[in-house]
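Q: Make the complex out of the two chains shown on their own, each in a separate frame, by following the hints.
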Amino acid sequence: MNGRRYLEIRNDSTPVDTTGIPVLDYSLFREEVTAMLNRDDCHCLNYFCHPVGAGLRFICCIADDSSGLIRIFSHEKGDDDSALQSLTPSCSAMHIFEREIHERHGVRFEGHPWLKPVRYPSYRADKLSVMNNYPFYTMAGEALHEVGVGPVHAGVIEPGHFRFTCNGEEVLHLEIQLGYQHRGVESLFTETGDGLRRVLLSESIAGDTAVGHGLAHAQLVESLAGFNPPGSLQVERCIALELERIAVHIGDTAALCTDVAYQLGQVACEALRTMVINTTQFWCGNRFGKGLIRPGGSNYPLTEEITVEILRVLEEVERRFGNIVSCIYTLPSVLGRFEETGTLTRQQALAVGAVGMAARTCGIPRDTRATHPFQYYRQTVINPVLQERGDVMSRGMLRAMEVNESVNIIRGLTGEWSKMKKETERPRYELGFRPGSLAVSVVEGWRGEICHVAVTGINGRLVHYRIKDPSLHNWMALALAVRNQEISDFPVCNKSFNLSYCGNDL
Amino acid sequence: MRKEFRILSDHGLQYVPDLRNQPVSERFRGMPVITAGGEPSRIEAAASLCPTGAIDKQTGSLDLGRCMFCNECALNFPEIFRFTNDYRIAASKREDLIVKPGNNGSPGFDGKAVRQEVRRLFKRSLKLRQVSAGGDNSCEMELNAAGNVNFDMGRFGIEFVASPRHADGIVITGPVTENMAEALEITYEATPSPKVIILCGTDAISGGLFADSPAIARDFIEKHHVDLYVPGNPAHPLTFINGLMDMLGI
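As they're listed, the protein sequences go chains A and B. Heads up: the first sequence runs through residues 56 to 561, numbered per the working numbering. Heads up: the second sequence runs through residues 187 to 436, numbered per the working numbering.
The hints are simulated quantities; they were obtained by calculation from the structure and are not laboratory data. It should be emphasised that the depicted structure is a prediction, and the values quoted were computed from it without experimental measurement. Ideal placement from N, C-alpha and C gives every residue a C-beta, glycine not left out. Be a bit skeptical, because a hint or two may be false.
Unchecked claim - Output of the computed footprint for chain B on chain A, the stretches with three or more beta carbons under 8 Å from beta carbons of chain B: (1) 331-341; (2) 375-389.
To be verified - Sample of chain B residues facing chain A (criterion: CB under 7 Å; computed from the structure): (3) D196; (4) M254; (5) S324; (6) L329; (7) A348; (8) F396; (9) A397; (10) H411.
Looking at chain B on its own, in the form it has when it is part of the complex (with noise of 0.2 Å):
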């Protein structure tokens, strides 16, 4: 019992007490900034080194739903491109999260975009079911550890359950693959509603890195509202648990 103990008293407290304001490694590669005015031909050089091609050639703006987060912008263009570690990057709408040159950071979460049902049903409880359709398994990780000693989502009544039927909404993680996307349609036609649909990680938003594959077939997240969208390669615990307190407004 004495070993137990021990355990306990190295374990010592786990849980990170505030989730919007924890502080990450400054490596951590969230929220970019971009300078506006930068040269035409370094951007367009930006743009062309962009391995999805997150980065418009015109405009010089980043689209986080396709960004792979691998950081060559910023090595390659430092003078336009920057990542902060600001993990806050969820957003309710697609087009928010295209970040703008001359941006201060994160705009900020629209939480007018969110249906008015979702917070009354949803704000105390929340119950999801995970589905992963040709995700990595990072993603995967990820939403686990979102539950785990020290990110406990659980403390605001959000969890993940084993049956579509006990759950309040999906969370999609991968491009959807061909070969999953009738066991996708399956699993949400078998939620009741009201529910929600989240995507998680850049596969799931904009297909990432196989979009072009013939083996993915993505007609389900075309013909469905998306509720929330958490980027990442993979999204960080920290960044899925913020896109849902600020879709369920906590």
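Only chain A is shown next, with the shape it has when bound in the complex (with noise of 0.2 Å):
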């Protein structure tokens, strides 16, 4: 392979001149593409395509784990109805991207299993596609039964439709139907011409997760306006997305916990969040560090005295975390239900194209803070955490262990910033940006892989906006999980992933 197919760049860099990808012949596209995600050590990050004059432009940003580049492909396609040959025959895990442009532009896909809807954007290509007609799989049999959950569901959650095919108690097929939680965040950020907008856009992308999209968003903007975050912010971005890490853990063990009836995994757990998310509101005034992460700058910036909070809150609950996560995970009850349960295998992992906590707890090391580095990460060493088996314990126990490794980092981090000149200034909303470039943004948030990336126009606007939440890939890992389990396990099943509906309907 040689440079002139495809463009490489790293994560959080200069952004692309959009007329420096090379267009490449569909077909030898195909060919490049699939031989590259054909290898254990490359994923797709985003395949999207946007209109370029009468037509389609297509851009797929594969990441390269074991070099940490991300190579951009790029192919055209004219104003007529022709189809292209899908990949999902040969590379199933971008049977989603094919489905989401599919969707968007009506482009069809030949030999695609199944086109079916991803989100219902109200820009839509077919307009007669609505929640109410969505194409379920059914099966038919005299034993068989199908149960329909939500979208308004028992708990405080957000809303999806699951379409379980059942046998008994036994599930054979689990559909998931999202969708109902789209708000066209996309279209928002590139409509406005407001910074501020944006970032408050970017935080609400997913609530649970506003650290980490707010730095995806953070780190595409100062990318395409050429500013280099200076050290002690990269540090502080750090360990704001390390606190959001640990304090989501806890509150999902506590969650998991509930699920199985173990009340006092459940107190104890909930008690020890309520102590993180209250730091990173004494840092920033929000529970959820809404406020925190701006381009440009900060208007929390880190101080001595907020370092010594969370460094005390932090090793009070490592310790208290510790002693309960012993008792949770020996307890015959709570291990009869999450040990071999909800299995998803490395082979379906990497079928799925699973990313972040779902990867690491099939073996595979995807974990972009080691991968593809940003921010600080860049000059401090991380060991993604790994479990093997793949079932609701091994989720759980990442949970655990990836708490006490966040408190580790975040340790270091501080040692590191305390040493260092403070050169945090205010947050700048103005940033020109960079014309006619693309730019690629990666954030491992506390559930995985989150990915923005920002085309600008000849003029310096934003053009095209992307968001890739790691939900997207993950949920249909969660529906191979489900299957030929008990249904009353699929709430244990579904808390152990924690997937994000926002994050996937945007």
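A: Right under this line is the structure:
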């Protein structure tokens, strides 16, 4: 392979000229992309298309975990009704991207198993496709029945519809219909010229990942503006991201306990989560870190007082969480529910393109902090926490181990920070963007890999903005994990993945 | 067993005894205070800075139903705007969310605007069905937290239930997406009367950042009487519970 077939960039680096991206003939594009995606260390960060003139331009960003490079491929299609040969039969993880392109632009992919709707966006090509006529997979048989759950669920959670086909108590197939949360986020990014508005939008993509998505956006705008964040700002951002990870992992541990009626685990973890998010509130005034991540600087630079408070709280949380974790994961009644429940195999995880926690619990070392480092992770050694079995137990244990890892990362980072020159300035919302460019930003949020891609026009305005939450890949992982499980185990399976509805629906 | 006792002793007493006066972080953004007689050009500049148009460029008032609590007005125009950490900002009427210059903290909750039957029937037991209609999951998590070991709204007989058939009202989060509009309507219809409607979070109250998005359909909100508005991004559990206490007359 040579450089003329694609461009290579690194995460969070200088954007590329859109005119410089080689436009391949589709058959060559398909050959190149398939060859690359069939490597275990490569996966697709994002594949989308946007209108150019009367036709469409397709952009495919592939992450190479071994070299840390992101390769950008492209092809174009004229304004005709011709179909493209689908990539999905040879690389199944592409199924979701082709479905998304089909839903948005009406492009047909020949050989794709089923171009089902992804999120019913307001700008969908086929307006006859509505929430109420989703094409569910059905099975017939006297012993079979269907169970429909949602969009309004029993608990206080986001909406989505789950359709189970069961043989008695056993789930044969689960289909997940999403789209209820679609707010039109992506187009709002390009419709506004107001930098502050875009920042607030990024924090609302998924409110449980305000820091993760906020950072992906800030990084992207800074890359388009050629702004290099000072070391102190980079460290602050990494600390905020790790605090978010710790808080959610502990909260999820509480929720897993709730689902198996282990009340001690539930209440102990709830109280610990409160301590962590109140520390974030102490820092920036918001328990979810909204307001903390800003392009160009920060309204709440880290101070000595705040680091002391963070370290004090984390020390107590680490000790108490360690105690409760050793109770949870040794209790026979908990183990009976978690072990060998909802198993996702390594092959399945690779096939659906699982990222983040879902991949790491199947022994796949996908952690972009280590493979495509950003901010101060470039100077930090990250050892991805791995589990091998892919069951609910693994997903619980991974959280427990990652909490400890994150506490240690924060200790290291605060140590670095105290030695640094404090150069964090006020945020800059009016940064000018490099015209005619494409920028890619990847952040490892607590769920996994978040990827934002932006394209600017010749006047430097944002013309295309694409967001990928890790949930986009991982919802299919959940659907596979519950096959041949008892339907009563669905809650623990679902909670152990804890995927985002609004992050998928945008 | 010894380990479990250790956990319980570390855990200690978690509940917030006085939900009306719980200290929260200095930086928490609750009720704003707006100085009267601000320079008109500065007010206009603040209004154009506000990403959701919460600040009125003529009067300088601030609409908490549209405010994202980003703090930019206070950081850039500190002589006019300041956020206090008073979390008691819920209101029974939409217009009460508009904070006027010269205010001295919270105007107080207008209990007279609450329908009589609400207090008579629900004061000692209020069961709520939550509907997320485009909420970003932060308000939803805070509503869950309102029932946890710290905030424990269950002490007042208030809790979330699974079925609208068992509920006395609904709590809506999110700007109300077009794709969720029908399910919201069905959930409301399935709730027996008399029933309350509570809007939780800026998105739900005004649409927030998404007010002008073509993917939003707010007909439901426009055609029904709302009993309680709980602002925030997201609404803090203390704001939510205090709003309920005020509504119920607890």
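Q: For each hint given before, does the structure comply? Return the numbers of the non-compliant ones in rising order.
A: 9, 10
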